[in-house]
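Here are the chains, one letter per residue:
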Amino acid sequence: MTPSADAESPRASASPKSAMHRFRLASWAPVIVLVLLCAVIAVINPNFLSFGNFVRIAQAAMIPLVLGLGATFIILMGSIDLSVEGILTLSAVILSLLVLNGANGNDLGLLAIPLVLLVGAGVGFINGAVHVKLKVPSFMTTLGTWFIGVGVANALLGGTAVRINDKLVRALAISRDPLVGLPWGVWIAIFCFFVALVIQNYTRLGRYIYALGGGEDLAGLSGIRASRVRIMAFTLAGVFYAVGGILAAAQLGLGNSQIGLGRLFTTITAVVVGGTSLAGGSGSVQQTLVGVLVVVVLSNGMVLMGIPPSVQIGVQGLMIIAAVALSMDRKLVRIVK
Amino acid sequence: MSPAAATPALSLAGIEKRFPGVHALKDVSIDIMPGEVVGLIGENGAGKSTLMKILSGVYQPDGGEIRLGGQPTRFMNAADANLQGIGMVFQEQSLLTNLSVGENIYLGTEAAFTRFGMIDWKALNAAASRQLEKVEVDVDPRARTADLDFATRQMVELAKTLTLEDQAAGHLVILLDEPTSVLERAEIEILFSRVRALKSRASFIFVSHRLDEVLELSDRIYVMKDGAVVADLPAADANVTQLHQLMVGRSLQAEYYREGLQKPFQDEVVVEAEALSLGHDYRDVSFSLHAGEILGIAGVIGSGREELTRTLAGFAPHDRGKLRIGGKEVRFRTPAEAVDNGMGYIPRERRVEGLVLFLSVAANITLGNLRSLTRNGLIDNREERRLATRWVDRLNVKTPSIDALCLNLSGGNQQKVVLAKWLNAKAKVLILDHPTRGLDVGAKEEVYELVRAVTAEGVAVVLTSDTLEETIGLSHTVLVMRDGAITHRADARPGGKPTQVELIEHMV
Amino acid sequence: MRALIDSIGADRIRQYLPLATLVILVIAVGVAQPAFLEPATLLQLAADTAVLFILATGVTFVIMLGGIDLSLQSMASLASVIVALTITRLGYGAFVLAVAVGAIVGLLAGLAHVRLRIPSFIATLAMGGVLFSAALVISHEQSITLGEAERGYQTWITGSVAGVPSVVIVGLIVLVVAHILQSRTAFGRYSAAIGAGEPAAYASGVKVDRQKVIAYALSASFAALAGVILAGRLSSGSPTLAAELLLPSIAAVVVGGTAITGGVGSIWRTLVGALIISVVRIGMTFLGVNIFAQNIVFGAVLIIAVAITIDRSKIPIVK
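Residue numbers (my numbering), protein chains in the order written: chain A, 1 to 337; chain B, 338 to 845; chain C, 846 to 1164.
Hints listed in this document are in silico derivations from the structure and should not be mistaken for laboratory results. Any given hint could be a false lead.
[Stated by the list, open to error] Under the rule of at most 30 Å between Cα atoms (straight-line distance), these lysine-lysine pairs were calculated in the DSBU-like manner:
id, chain 1, residue 1, chain 2, residue 2
1, A, LYS135, B, LYS390
2, B, LYS765, C, LYS1052
3, B, LYS659, C, LYS1164
4, C, LYS1164, A, LYS133
5, C, LYS1164, B, LYS390
6, B, LYS363, B, LYS562
7, C, LYS1164, A, LYS135
[As the list claims (entries may be wrong)] These stretches of chain A come out as covered by chain B in the derived footprint (C-beta under 8 Å, 3 or more residues):
id, segment
8, 177 to 188
9, 202 to 214
[To be verified] Per label pair, the in silico range of CB-to-CB distance:
id, chain 1, residue 1, chain 2, residue 2, range
10, A, VAL31, C, ARG960, 50 to 60 Å
11, C, GLU883, B, ARG731, 54 to 64 Å
12, B, ARG727, C, ALA865, 58 to 68 Å
13, A, SER50, B, LYS459, 38 to 48 Å
14, A, ILE44, B, VAL689, 50 to 60 Å
Beta carbons are placed, not taken as given, at the ideal position from N, Cα and C, and that holds for glycine.
For reference, chain A alone in the conformation it holds in the complex (with noise of 0.2 Å):
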């Protein structure tokens, strides 16, 4: 550009123009990716279009998709969970040992399913609580809580793993509704991705959670408590990740310590190749829902192309990179820790 008279102002014409054009391309990319996915898979595997395959990725997606749910708050403040499987272990660990099981006498039956939420909730709110209040980084509080989550899990279990007897907590992975053909959990995962809707666009929690991650001290200045909004999102997504307990208990039929493992991975690959941004402020729920069926549609397609499942992890890994770097403004971050 050559500097003239209308260059006089520094800023105002060159970046907003930019960033808007950055912002578009970056909401549209998970989706054309999806489709390109989608459509290869099928020209590859034509069973891919199966309704017996839709219903195995609809059922692979579930658990995914309510963990990314919960975490897609949490990042969008700028900040991080690591305690998904903790928390997730924990939630199934306990629903096994409250519901027809086993190994006790107990037998909540459905009852148990609030009293699990509750858990979720809690740990959650500990995980916000000792964040703002002891100023603990989150990604170090939620290491912290991941293992302590697992921990308790462990010592409640003893190191054997609980059977669930209980027939409805099954059905709720198992048995499909008559009209679709979908599993229940298949439902629920939906009904929680619209009650995250809702929350994302129509509270004052999910708009302080998006001001919060565009910019935390300015929204201070508008009047917003960060220590506030921060600990409720927390407990929120502990919440999500005891809904993911829960179904993946229904799912496995059992508790057991190893219930979660590899599903923090799933979780922040679905988020951040969504789109939503690790800096904060920028992303949705609908963007996890088109991340969570990217991987899952990835993984389908390869074990549909006989891929080990091994490598399915490697390939998450990357994508994370390939994700987060497409979706970095290098320009404008220059420490980066």
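Since chain A is already given, all that's left is putting chains B and C on it; use the hints.
Just chains B and C now, with coordinates in the frame of chain A:
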């Protein structure tokens, strides 16, 4: 308007504010009448920003009284000031760019539109539209703020401020802090006409470096200098030259800047800039800097001098033109490259960029040139201590030991450690970016003496400073910049120094 | 002046807190079980701490810079698999290969972090996934037992010199090398400067990116070395061999008094921290705490130690 007739909307009486080593506000009294636009001008460091921070509740005054509509009050924090009817439109915009316009306008006050925990976006956006109408800006409240240009964002900020009308009991007072610095002329016209139209709704305090704009918009003007109000005059009776003189005030003290020690510079050209340009920041900047010369760069915020300084220090590579150091053409992509070419940067953010506060004095002194201390891959600790001790003695750094953390030194001694770092690295060019900011008088004098001493040994200096006095007093040559270009070059030999008014004319 | 004295005093107490904790813990366990204080038991403790210490030492370099490495357990496991697969063909070369892979992996993670500006916790988390996947694939998802024939190559890990387990000596060598790197070289100094004040280090001409890449390469190399030793001690290699070691390693660094905000810390502190973790582990086993449930304690210890050592002035907004 006669101040005696009505009760002022806002009045400050005898406001005092002290920071360690600085008396920032001295007995400041200001009245703002309802519907009045009051201009507030002064050099950098005159106390304007401190005053604004007190008005917006960020700082608490140490003495004096704030009265709103005649009643004494206090502003506990920014939100409290808001509730009492003080609105702010900042130079650095305070809108969250990832939210929509409507969301920004009612951020923190959504409760009014919330039913059963759900925000009624239709009602909120309709209300936001009404606020936007007040400032006559045609923007969809659902638009993302990042997509707006800066002038529109400024209007949105004004609209956001006007929502206080519905909350605050009394008359609104809106602080406009350098609102025009990112706007173009046509946009400024629009902003001014809106402000005039809003005078029935609010009073304004208008802070700006651009004196012509202050004259154009204000009813009355307060001039500040060294933390005190030195003049209060109706805008109709004022002119730019008169304001310049009021801002500058005192005559130059030759002795203070050690002009007696100012030696003529050498013939050797150390730095040569030829039509140097960087984007919208500055353009076609040419100069030659000689060994032993101090080149002062004067200019207001937005003149491009800060960016030029950052280019020379390696933070912002130029995109056109040529830069030669010792005859070799260079383009610094990182500070490391600048350091390798003999540049030494003494930043204004001394505690952030100047020193690693949590390292010792010795480690900071050797940080710029650790390589020369390394033998077989290991740091020669004895040599390091010897060098550090030598510099501490030579620059008279007051520290309990060379192992003390820099965190615990006073500002002046910290600055000496930064200087020692570059002298130890044998820098040929020092870039002094506001070198005496935050220092007390005694520490300033020591810095001036050291700068004279190093230039006498042939080190070249590029200087940007908070005050014109300092720039003129120290420099051999002064460049004046405005809107990214050099507008004036002045010779500043002892005895033949330019006056501040002469330079200011080319700055604004 | 008063504030100055106070801060020095507070710092001094803080500095010796880990060491005091270690001494008290050792005495406490010793009182409960006097056999613990016999030289043979203490040497065994040192031997059991070596792997943890080496892992923690590697990540200390990264934490000093203000970063984090969440891939170290995967790197160690991968290294164990590499050793198990190649020792028959390569002999001692298998160890070199494993550590060399570590160096390259660290280099790549470091480059991803500094070049692509990906936060270190996410870059290393992702890298950890890639490494885990690689280990699963090359090991065919199995634990590989080292044969009798290859045990000969392992004497530098499993043997002993004059009654001192070799692994303790290896640990001491690592201590000396890492200490010199950290306290006597330009790299160590630059790391401390970057961790304590990255903008000032950058403005002073420090090649910040280069130092960071070196730190990640060191971290992964040390993790690989730890994996090699673990393979030797357990006579096997597996993709999950070191899976449980991430949390104790980071906890060891932080408990030793190195702040996760960077700048403050040393290899000595990490040694003290690793010993604390080991003694706590032994104490808990003695008290009959379920081995899996011990993670509860380590998780809590980690959070508390971070809360004590963190420098809040460096992070105005904690995210």
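Quick rundown of the hints versus the structure:
With a CA separation close to 27 Å, the supplied pair LYS135(A) and LYS390(B) stays within the 30 Å bound. Proposed proximity of LYS765(B) and LYS1052(C) is supported: the alpha carbons are some 20 Å apart, at most 30 Å. This hinted pair does not check out: LYS659(B) and LYS1164(C) have alpha carbons roughly 43 Å apart, beyond 30 Å. A C-alpha spacing of about 12 Å is found between LYS1164(C) and LYS133(A), which places the hinted pair at or below 30 Å, so the restraint holds.
Among the hinted pairs, LYS1164(C) with LYS390(B) is consistent with the structure: their alpha-carbon atoms are about 27 Å apart, no more than 30 Å. Distance restraint check for LYS363(B) and LYS562(B): the Cα-Cα separation of roughly 10 Å lies within the 30 Å cut-off, and the hinted pair is therefore satisfied. Pair hint LYS1164(C) plus LYS135(A) holds up; C-alpha atoms about 9 Å apart against a cutoff of 30 Å. Counting residues of the segment 177 to 188 of chain A whose C-beta sits closer than 8 Å to any C-beta of chain B gives 0, which falls short of three, so the coverage hint is violated.
Only residues whose beta carbon comes within less than 8 Å of a beta carbon in chain B count, and the segment 202 to 214 of chain A has 8; three or more means the coverage holds. For the pair VAL31(A) and ARG960(C), the supplied restraint of 50 to 60 Å is violated, since their beta-carbon distance comes to about 28 Å. Range check, GLU883(C) to ARG731(B): about 58 Å between beta-carbon atoms, so the 54 to 64 Å window is met. Checked against the hint of 58 to 68 Å, the C-beta distance between ARG727(B) and ALA865(C) comes to roughly 39 Å, which is inconsistent with it.
For SER50(A) and LYS459(B), the Cβ-Cβ distance of about 43 Å falls inside the hinted range of 38 to 48 Å, so the restraint holds. As the Cβ distance of ILE44(A) to VAL689(B) is approximately 55 Å, the hint placing it in 50 to 60 Å holds.
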